[in-house]
Each structure stands twice: as structure tokens, then as C-alpha cells.
Amino acid sequence: MRTETPWSTVFELLAETGWETLYMVALSAVFAFIGGLPLGVLLHVTAPGGLRPQVFTHRVLNFVVDVGRSLPFVILLIALLPVTRSIVGTTLGSTAAVVPLTVGAIPFLARLVEGALREVDTSVVEAAITTGATKPHIVRGVLLREAAPALVAGIGVTVIALIGYSAMAGVVGGGGLGDLAIRYGYQRFDTRVLISTVVVLGVFARLVQFLFDLGARGIDRRRRVTA
Amino acid sequence: MITVENLTKSFPGRGGEVRALDGVSLEVPAGTILGVVGTSGAGKSTLARCIALLERPDAGSIRVDGTDLVSLSGAALRAARRQIGVVPQTDSLLRQRTAAGNIALPLEAAKVPGPQRKQRVSELLELVGLSDKASTFPDQLSGGQRQRVAIARALAASPSVLLADEPTSALDPETTGSVLTVLDRVRSELGVTVLVVTHDMAVVRRICDDIAVLEHGRVVENGKVLDLISAPGSRTASALLPELDQISQQHSAGYDRVADIVLVGFAAIGALLPEAASRHGVELSLLGGGMTRLNDTPVARFRIALSGERADAALKWIGERGAVVRHKPTLVAGTAA
Ligand SMILES: Nc1ncnc2c1ncn2[C@@H]1O[C@H](COP(=O)(O)OP(=O)(O)OP(=O)(O)O)[C@@H](O)[C@H]1O
Ligand SMILES: [Mg+2]
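Line order of the protein sequences matches chains A and B.
Going by our numbering, the first sequence opens with residue 1, and the numbers climb by one from there.
Going by our numbering, the second sequence opens with residue 1, and the numbers climb by one from there.
In short, the hints are calculated from the structure, not lab data.
Among the clues, some could well be false.
[To be verified] Pairs of lysine-lysine residues, derived as PhoX-like cross-links and limited to a Cα-Cα distance of at most 25 Å, are as follows:
1. A:135 - B:316
2. A:135 - B:111
3. B:328 - B:316
[To be verified] Some but not every residue of chain A turned toward chain B, in silico, with C-beta under 7 Å:
4. 123
5. 124
6. 145
7. 206
8. 209
Glycine included, C-beta positions come from ideal geometry on N, C-alpha and C.
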């Protein structure tokens, strides 16, 4: 029977790694948004029947996004080491982990953005076209605006996926809650730390989901089904 | 003014090509309302969508106020689009924008500055009678209100032409009335040329100056409603005038003459027939029919039966008063058809 880590230490560990997770997830979510939103828009407008159909561009983007989404995150983490080094200057630490996290999340979010935009009714877009609006205006004023609730929800899903990906950040010394769970729970069989970490991660994910749901519903002006 | 010449449009379908439009030519004079009617699948929406530049026709030309639209692209195309207001067949309001926000869309596209935009939006809300709904979202509006917002949006950039595809199809008669009133004002107060697609003859009856009947992508009847109404055998007449078909042949037995008469624009339809009878000393009976109104014009169609020596003279006299008289066979032998 091993002695378990005292609670005070557990809390310290949780606080420290919790911040690391928050830092990595928040930062990569912002970058994923900056990269994923335009990519998703591009996927949508270049599709056949889109605002600006471009068969070749669409195929290439589709391929890139599919590859990006199908790669296991650990592989991406390792494959991107040279890129990380050239951007961050090091391949170790939380900041270094942000690079692969972002790269992993961009195609993920892009697909969700594409799906959200596809839900915008064709007749709404056509009505906008008949007003003589330019394509950028239609994207901003109609597509993104109409899809806003779905986009917010999609970002929430991406953030939660990022929390999952970030568990692997330990591989590059990024730390975080997932890494804590692996080090103490898996390598030292410390059930107390393991379970505490799982609880904190669960609460974290739940909170993210709750906030984004709230946001998505808050900006949605459609009639809701009240059961 | 809209001029469409020889418009052809096919769609690829499962069993070969579907010819949605097959050489359609028609004209909507400036400041008039044309009703495009026809059964489902006749090509009405395709015609409206071609004029709205949402579908590219395979052949033919579309001119709006003299500009050929088919060849346009880029900025010229967008400018032309601002001249054409479109009310689509399906609900097309942005659900995340208020009524005012929806109406503002074409003004944003036309880069109208903020204060002027606000001013114009409130003018339009007033035009369609929705001033109190400016900040209401579409999902909180009734179908008729949504349709009026769509009309206001289509008119926002002051187009010279308005295309409305089934603007009243999902509405009850009273709401239909309010939408038609708006379209009528658009024509008479703003001088906009209107093309309205409909399968409801009540729309034609209420607001249309002209009518085009589409069948399998072809125009089978086109002209002024008031002209077509008195043209014997026209589809417009049979659809718009009071029914006569259900009158049985038995009723015309024993009379010397039976005739259908169509009267357009008579203020005193009721007085004409009695006068014809008394002047010529004939006995005149009404077998059926009735009166109705086309927009502001009273029109009537009756089947009358006459007995007496001067029956023919009485009919001739009625005809001379401007009525269209068509003789019907009677059961007594020897009468003209
Ligand atoms: N995008 C399309 N692709 C393929 N076929 C089409 C398309 N649009 C229209 N059609 C076909 O063209 C024909 C005319 O259609 P259109 O929508 O113009 O009819 P409509 O007169 O407006 O009918 P409705 O009264 O039902 O609205 C139909 O046979 C329809 O199936
Ligand atoms: Mg239609």
C-alpha cells in the first residue's frame, strides 16, 4: 500500500496544471478561431453551388482539412516539432504546445464553420444576392450573421476538443491537467490525483459547454421549441 | 419596363432535360402590374428567377428599362440588381436580423450612409404598415407581416421593377388583402413596374393590369386583363368571370334566343338588360351568371334568354352598348350558335 499524496499537495498540483491547461487551451482556441473561421468560410464559398464555386481550390482545402482532422494528435505534435521550434524558439513548454494544438484545431473548427454556414437557407442568400450586395458583404452581413449561434456553439465544441488534445501536451513538457493525470495516475498509481484531475477536467469541460451554449442561445433570435 | 424575348431555360433532370421555359416573350409596360399565372411546374418561378438574374437563361434576352441583363457581370450586374426588387417564393428573411435590419440590407449593399438608411427604413416600414414592428425579429412576425417586410426590403433601394413570386400563397384572404394593397400602392404611388407570380386568380382580379398564362414553359395567353375578359373563350375570361358552366341546357328550352353576354366597366349593369327588354318588347330572363369586380372595374357575365319577335334586335342593341354578346344554341331548332 503506497501513501497517497496529501490533499494540500493535490490542490497545489491541480492549481498549477489547471492554469497551464487554461493557458494552452485559451491561446490555441484564439489562434484556431483566427485560422479556422476563414478556412471554413473558404470551404463553404468554394463548394459547388457556393457563392464562388472553385472546384480545384475546394478539393485541395477539403483534402488538407481531412488529413489534418484524421491525424492523431500525438503524431501532429511530433511532426510539427521543427515548425514549433521556428515559431516559438523551443519545442518544450506550454507555449510550444500551443502550435500543434492550434494546427490540430484549425481543421476541426473549419469543418464546424462549414457545417454552420451550410445551414443558412439558400433563399436567404439568394435574397441577399438580389440586393446587389458584394460577396464579402454577403459573407459578413448574411452568412456569418445568420450562422452566428451555430458558430459560437462550434467554437465551444472546439474548445472542448482542445481540452482533450491538451492532455497530450505532456509529451513536449507542456504540462497541464492531462499530463498530471498521466504522471500521477498512470505512472504512480495515485488514484487520488487521478480522480481529482478527472473531476477538474470534467468541470472545466462542462463549464465551457455551459458558457458557449448560453452564448449561442443568447444571440439566437429564432423561435425556440419550448417543450 | 420589362421586356423578355424568346427566353429558354432547361434544367437537367432524371429523365432527360426539363424545359422550364420554352421561348417565352412578354412585356410589362412601365408602371403596370403583370400577373403570371399557370399550373405548378409551368415555369413561373423560373421566369421570375431569370429576370431576377438568379438563373442564367440558355437563350433569349431580358431587358429592364432598356438594359440587356443577360450579358452583365461584376459591378454592372450588381448595379442592375439594385434596379430589380425581388420577393422570393420561399421565406427569405434573415432570422437573426430585425424587420428594420432586413429592410436595411439592400441599403447597405448600395452603401447608403447610416442616417439616410434609418430614414429610408422607417419610410418603408410605414409604406407596408409595420412601423411598430421595426425591432421585431422575423420569427415573432406573422406570415403576412413577414411577407410585407420582404416587400419592403425588395423596395428599399428604390428599384424600378419589383418581382414577387407567390407573395400571397401561404396567407389567408384577409392577410392576402393587406399584401395586395401594398403591391397596388407600389405600382400606383411609386410607379414601380410589378411582375407578380401567382396561382390565385383573386390576385389577378384585385391588382393586375395585364396577365400572362404559362403552360409547359410557354406563354399561351397574354394581354390586358380587361381585353381578355371580353375575348370569347379566353382562359382569363373563364377563370375570372362568374361561372356559367353549371347552367343546364334544360333551362334554355322554350326561348327564342339564348346568349352569353359579357359587360366590362358598366356602371349600371342592372339597368341595361331591363331597358333592352322594354325597348324591344321582348321577354328577357336571366338564366345565370353574375357581377364581379376587377380591381376597380365592374364586370359581369350573364346567360340570358329572350322570347319575342324582336329578340335579335334586343341582342344587337345590347351589343351596341359595348357588351360582348355570344349566341348559344337553344333547344328550339334553327337558332344560330
Ligand atoms: N433548379 C432546378 N433544377 C431542376 N429542375 C428545375 C429547377 N428549377 C425548376 N425546375 C423544373 O422546371 C420546371 C418549372 O419549375 P418552376 O419552379 O418554374 O415552376 P412554377 O411554375 O413556379 O411552379 P409552382 O407553382 O409549383 O411554384 C419544373 O418542372 C421544375 O421541376
Ligand atoms: Mg414557383
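Going down the list of hints, with the structure as the test:
A C-alpha spacing of about 65 Å is found between residue 135 of chain A and residue 316 of chain B, which places the hinted pair above 25 Å, so the restraint is violated. Straight-line distance between C-alpha atoms of residue 135 of chain A and residue 111 of chain B comes to about 14 Å, which keeps the hinted pair within the 25 Å bound. Proximity of residue 328 of chain B to residue 316 of chain B is assessed by CA-CA distance (about 14 Å); at most 25 Å being required, the pair is judged to hold. For the restraint placing residue 123 of chain A at the interface with chain B, the shortest Cβ-Cβ distance is roughly 4 Å, inside the 7 Å limit, so the hint holds.
Hint status for residue 124 of chain A: holds, given a least beta-carbon distance of 5 Å to chain B, under 7 Å. With 7 Å as the threshold, the beta carbon of residue 145 of chain A comes within range of chain B, its nearest partner Cβ sitting at about 5 Å, so the hint holds. For residue 206 of chain A, the shortest C-beta to C-beta distance to chain B is roughly 27 Å, which exceeds 7 Å, and the interface hint is violated. Evaluation of the residue 209 of chain A hint against chain B yields a violated restraint, the C-beta minimum of about 22 Å exceeding 7 Å.
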